[in-house]
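As they're listed, the protein sequences go chains A and B. If you read the first sequence in our numbering, its first letter stands for residue 1, the second for the next number, and so on. If you read the second sequence in our numbering, its first letter stands for residue 1, the second for the next number, and so on.
Don't take each hint at face value.
Claimed, not checked - Simulated restraints, written as ranges between beta carbons of each label pair:
| no. | chain 1 | residue 1 | chain 2 | residue 2 | range |
| --- | --- | --- | --- | --- | --- |
| 1 | B | Pro243 | A | Arg42 | 14 to 24 Å |
| 2 | B | Val299 | A | Gly84 | 24 to 34 Å |
| 3 | A | Ser48 | B | Pro139 | 25 to 35 Å |
| 4 | B | Val137 | A | Ala20 | 32 to 42 Å |
| 5 | B | Arg125 | A | Arg86 | 44 to 54 Å |
| 6 | A | Arg86 | B | Gly140 | 22 to 32 Å |
These are computed hints drawn from the structure, not numbers from a lab. Glycine included, C-beta positions come from ideal geometry on N, C-alpha and C.
The chain contents come next:
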Amino acid sequence: MFKRSVHDTRPIVRILVEGAPVEARAGDTVSAALLASGRDVRRLTAVSGAPRLPYCMMGVCFDCLVTIDGVGNRQGCLVPVADGMRIEIQKGKREIGR
Amino acid sequence: MSKDYDVAVIGGGLLGSAIAWGLGRLGQRTAVLDEGDVTKRASRANFALVWVQSKGLGMPAYTGWTVRGARSWANLATALRAQTGVDVALQQNGGFHLTLGEDEYGRRADLVTRMHNQTGAADYRMEMVSASEAGRVLPGLGPEVSGGSFCPLDGHVNSLRTYRALHAGLKAFGVDYLPERPVSGITREGGEFRLATPSGEVRAAKVVLAAGNANQTLAPMVGLSAPMGPTRGQIVVTERTEPFLPHPLSTLRQTDEGTVMIGDSKEDVLDDRSMRQGINAVMADRAQRTFPHLARLNVVRSWSGIRVMPRDGFPIYDQSDAHPGAFVACCHSGVTLAANHAFEIARMIAAGSLEPDLVGAFSAKRFEATERRAGSGYY
Chain A
1 MFKRSVHDTR PIVRILVEGA PVEARAGDTV SAALLASGRD VRRLTAVSGA
51 PRLPYCMMGV CFDCLVTIDG VGNRQGCLVP VADGMRIEIQ KGKREIGR
Chain B
1 MSKDYDVAVI GGGLLGSAIA WGLGRLGQRT AVLDEGDVTK RASRANFALV
51 WVQSKGLGMP AYTGWTVRGA RSWANLATAL RAQTGVDVAL QQNGGFHLTL
101 GEDEYGRRAD LVTRMHNQTG AADYRMEMVS ASEAGRVLPG LGPEVSGGSF
151 CPLDGHVNSL RTYRALHAGL KAFGVDYLPE RPVSGITREG GEFRLATPSG
201 EVRAAKVVLA AGNANQTLAP MVGLSAPMGP TRGQIVVTER TEPFLPHPLS
251 TLRQTDEGTV MIGDSKEDVL DDRSMRQGIN AVMADRAQRT FPHLARLNVV
301 RSWSGIRVMP RDGFPIYDQS DAHPGAFVAC CHSGVTLAAN HAFEIARMIA
351 AGSLEPDLVG AFSAKRFEAT ERRAGSGYY
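The following block holds chain B by itself, in its conformation from the complex:
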C-alpha cells in the first residue's frame, strides 16, 4: 500500500463518507480508511431526522449551520439520485415535537422563547402549536397531547439508503474505500501524512479525522483535540403499516416503507450489548399515548447504539496548527449535516483551509477557552 492520495479520510461512517464523497466530486484523489462491518457504527443506529428545531441553544452559529445543512439537503439527495439511482426518500415538510400534559408544554414553550431570544433566531421559524392545531394535520392524536412545537424546516430521510448511496457514489468517483484499516498511528514526514494500519501504510497529503468517538484518540496524534462525550440510545421499530403520519416527530416517524420508528433514549451507560426493556417500555408508552392506534401495531425490532457526541454537543471542525493539512470533523448530527459535509466541508478541505465565517465557531479551541458545562446540546 504505497499509493499516494490527496486526502485520506479516517472513518467510513456517514460523516467520513459524506466528506469523502464531496472530495471525490471535486476530483481529489481520496481514500477512506474504515474499520470492518462489525464495528460499532452510529451511522447504522441513528434516527434519520433532518432536524433543525431546538438545535443551537448556547451556540447560535450551530443554528445557522444546521439551517444551512437542512436547506441544502435536497441538492445532496438529487445528486445522489442522479449519480447512483438510489432514492434516499428525503421528506422536508416540517416536523413536530409533541408534548404530553401541560407541564411539558410549558417547558417546551420556555425553550422556544429562549431560542428566539438568542442571536440567529431569525432563521429559526420554530413556533408553538396548540393541540388542536397539531391535530388538524396529525390525525389520531391522543387526548393527552397538549400541543408542541413545529418547525417548517424539519424533515427526515432514509439514512441507511443515504449511507449506501454515498458509498456507491464514492466508488463512482473513484474514491478508494479501504475497510479493515483501523489507524493506529499518524506521522508527518516530508510534507505527507503516513497512516499506520494493519494492512500497511497509507500516505496522503492531507488527513481528515472522521472516526466518530475515536477522534478523541486520533486527534492528539496530529496536534488536534476532539473531546467527546458519547451517549447511548435505543430505538423501537414496528411492523410496516399504511401511511398515517404525514410529518416526522422528534421521537416518532414513519419511514417511506411504512415502518414506524420510536425513539430515542439518551443514556450515559455505554454498554450496547443488550437492550434495556424498561427504557423501551417508556418510549413505547409515550408513543401510544401520542397516537393511541399505535398500540395495535407489533414491534418487530429494537436496537441500541452509541452516539457520536462531542463533549458539549456541538460539532468540531478544526485544522491543526502544528500539522497543517490535518483536519478533524466530529458531530452528533451526521444525517442532518450530511449536505454541509459533502459540499462545504469537502470544499474547504480541498482548498486547504476552513472558512471562519462558516465554521470558525466550531474549533475545538472553545474547550480550552472555557470549561463549558457538560451537556448534549440537544433538548
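With the rest of the complex left out, here is chain A:
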C-alpha cells in the first residue's frame, strides 16, 4: 500500500517483525516501518478482537499498540526504530508481565 519515496536516502535500519527481517529507515517510527513493510501488520483489539492498523500516527488514538522487545502495549507511532529491534503484532490484550 505504501511506497518509499525515491528521494528517501536515509540509512537502512534492520528490525525483526514476527521474527522476519524487515528493512526500515533511520528516523522511521515503528508504525511507519510496519506500514511500509508491506506485511499484514493488523493488530487485534483488546476487547472485541477487531483488526486495526495505526491511524493517527501522533500518539492519540492508540490503534498502533504493538509489542516491542517483549514489552506489550507500546505505541508504535511514538517509538523510533533501532537496529535489531524485535516487533510482534499484538493480538488482543497485553499479557501481564510482558
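Since chain A is already given, all that's left is putting chain B on it; use the hints.
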C-alpha cells in the same frame, strides 16, 4: 410540566435509578428528577464491588441487608439483561482483602473476630486465609503478602454498564427521566408533593429523596433528616491486560474487559478538582507489592470522586412522619445494594410503608437517639 406521577424520585444516580427502575417495574407512574451530565456523581466514580465482608461492624442489621443485596444481585443482572440486552458482567465467586506484613494480618484477624462475635455473624462466612492459601487461587502474589480475609459472597460488576442498563430499563418501563431539574423546594398541598425545579413544577403523590449527599439539604423540606459525611476517594486505572486475577480484591480488581482498577483512598478533604499524586503513589505501591508483575503495566487514567456517605456509614431509609409519602434513601454502597433498592425498597415505597423487619434499623432516628461516634462504617 403538570403531569402527575405516583412517585417522583429526586436523583438519577445509581440509587435513584435502581429505586425508579423497581417502581417502573411495578407499574408505578414514576419520574426521575436529575441534575445534568456534569454533576458530581458517585455513580461514575465508584469501585464497582458487590461487597459483603467487613460490612456492618456496629450495626448487625447492615450485615443482613448487605448479604440480602449480594444474594439477589444475580436476579437484577438477569432482569437487566433480559430487558435491555446489557450484560453487566456480574461475577460473584468470592473476594479477598489481602494484607501486607504481619501487623496488617493481625489487625484484619481481629476485625474478623469482632465481626463473628456480633449478632448476625451466622450469615457472614468471612474467614482468614494464609498467604499460601491465597496464593493457590491468586497466582503471582508478592512475598510481602501475609494472607488476608476471604468471603465467598463477595463479587464485582461493571458499574457503568449497570448504570446504563438501569437507565435503558427506565425508558423501557415508561419512567420519565427529567435531567437538568435540580429541586430547590418541596411543598405538600392537597395530598400531593410539589417539587420546584428550574423547568417548572413537578407533582407527585410520593417523593423519594435519592440525591446522595444533597439529601442532607432536601430532607428537612419534608420533615426528614439525612446527616451526611461525604468523603473523597481516588482510583488508579491501568491499561487492559490478559486476565490474571480470578477474584476481586477489596482494593484491586480486574474488569471483564481487562482493565485493572486500583483503589481506593478515603480522604476528608472534599476538593475533587485535582489528583493527589502522593495518594496514587501509595495505592500503586501497595498494588505492585501485592502483585509484582503489575509494575510493568501502564497507568492510563486516574480519577477522584466524592462518595455519598451517611454520617455513621450505614444506610438511611425513612418515611416522614410529618409528611407521609415522603421517603429518603441514602447509602454509600449503591452498587452492592442495587438489587435491594430495585426490588425491596421500590416495593415498600409502592406499598407506602417501609418494612421494619427489613429496614427499621436504618431510620435516621438513630442519630437523634445517640450521637454516634463518627466513622465510615467501612474497615
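A quick look at each hint next to the structure:
The beta-carbon spacing between B/Pro243 and A/Arg42, approximately 23 Å, falls within the hinted interval of 14 to 24 Å. Remark: the range hint 24 to 34 Å for B/Val299 to A/Gly84 is upheld by a beta-carbon distance near 29 Å. One distance hint, 25 to 35 Å for the beta-carbon pair A/Ser48 and B/Pro139, holds here, with the actual separation near 26 Å. Between B/Val137 and A/Ala20 the C-beta distance comes to about 40 Å, which sits within the given range of 32 to 42 Å.
For B/Arg125 paired with A/Arg86, a C-beta distance near 49 Å keeps the hint of 44 to 54 Å intact. The beta-carbon spacing between A/Arg86 and B/Gly140, approximately 25 Å, falls within the hinted interval of 22 to 32 Å.
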